[in-house]
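K.L.:
Here the sequence shown is numbered in UniProt numbering, starting from 1 and rising by one per residue.
Hints were generated in silico from the structure; no laboratory data involved. A couple of the hints might just be wrong.
[As the list claims (entries may be wrong)] Derived EDC-like pairs: lysine to aspartate or glutamate, alpha-carbon spacing no greater than 20 Å straight-line: (1) Lys220 with Asp145; (2) Lys223 with Glu127; (3) Lys140 with Asp227; (4) Lys206 with Glu175; (5) Lys154 with Glu209; (6) Lys220 with Glu209; (7) Lys140 with Glu215; (8) Lys108 with Asp123; (9) Lys108 with Glu209; (10) Lys102 with Glu215; (11) Lys223 with Asp183; (12) Lys140 with Asp123; (13) Lys220 with Asp128; (14) Lys102 with Glu209; (15) Lys180 with Glu215; (16) Lys102 with Glu115; (17) Lys211 with Asp106; (18) Lys108 with Asp86; (19) Lys223 with Asp165; (20) Lys154 with Asp227.
Everything numeric in this text was worked out from a predicted model, so none of it was measured.
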Amino acid sequence: MGFCRWLFAVTPETKPRRARAHWRRRSQWLAVSTFALLASAKTVFAEQGAELSLQRIGSGNPVAGKQKSADERCQECHGEDGNSGDVRIPSHAGQYAGYLVKQLSDFKSGARSHEIMNVMAADLTQEDMADIAAYFASQKVMRGDRIADNPLAKNLFVNGDAARDLPACASCHGENGKGKIADNVIYPVIGGQRRVYLRSQLTNWKLGERKNSPEAVMNKVAKSLNDDELNALVEYLSGL
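Using the sequences and the hints, build the whole thing.
P.N.:
If you want it as structure tokens, here you go:
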């Protein structure tokens, strides 16, 4: 259920008298949580525009997702605001909700393997996934701190390499790697992502240890990169 529909679907008039005290307490918590979330999301909407922000958030309830992401201990690793404090763990701030739901579903089904995430996703419902993803997606989009330009990586990102049938990263992941939705395909945010995590995932794509991209496109891309290119891209992308 979408955020606005969820917010107004239940009212005190639909509850028996003995439940109204509980409703008042819940309403107070919801009002405070909603106000805080909308205040923090104001910058996101201003920067991206309402339509893109709603695309990014998806159909989940970000208020419920904030509580669920705390209860399910997502915030312990990925950060309360979706910015990971560990270089090995991905940030989710401003990531497309649909992409996060896809990854959680793949962890749950085993299509993507990770000793911790397979366990964490095992008992999540689709509603849980949508809500948690909506919360992280509602945060300000992750951003790196570029130290210096890297001509090799920038050229691959912007232009690719036609001689090797290597597409430009930007053609899928958008300007500055902030992701996009095109032809019903969600291309995730990679600009500003954690450096060590990016390296591990590109390496896993290259070795075939991760295989859950549409039509195995990331396996093909990663296999075309030599070690110098892969490392250069990691440094470049993490700084965007």
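K.L.:
Please name the hints from earlier in the document that this structure breaks, with their numbers sorted from lowest to highest.
P.N.:
1, 2, 3, 4, 5, 7, 11, 12, 13, 18
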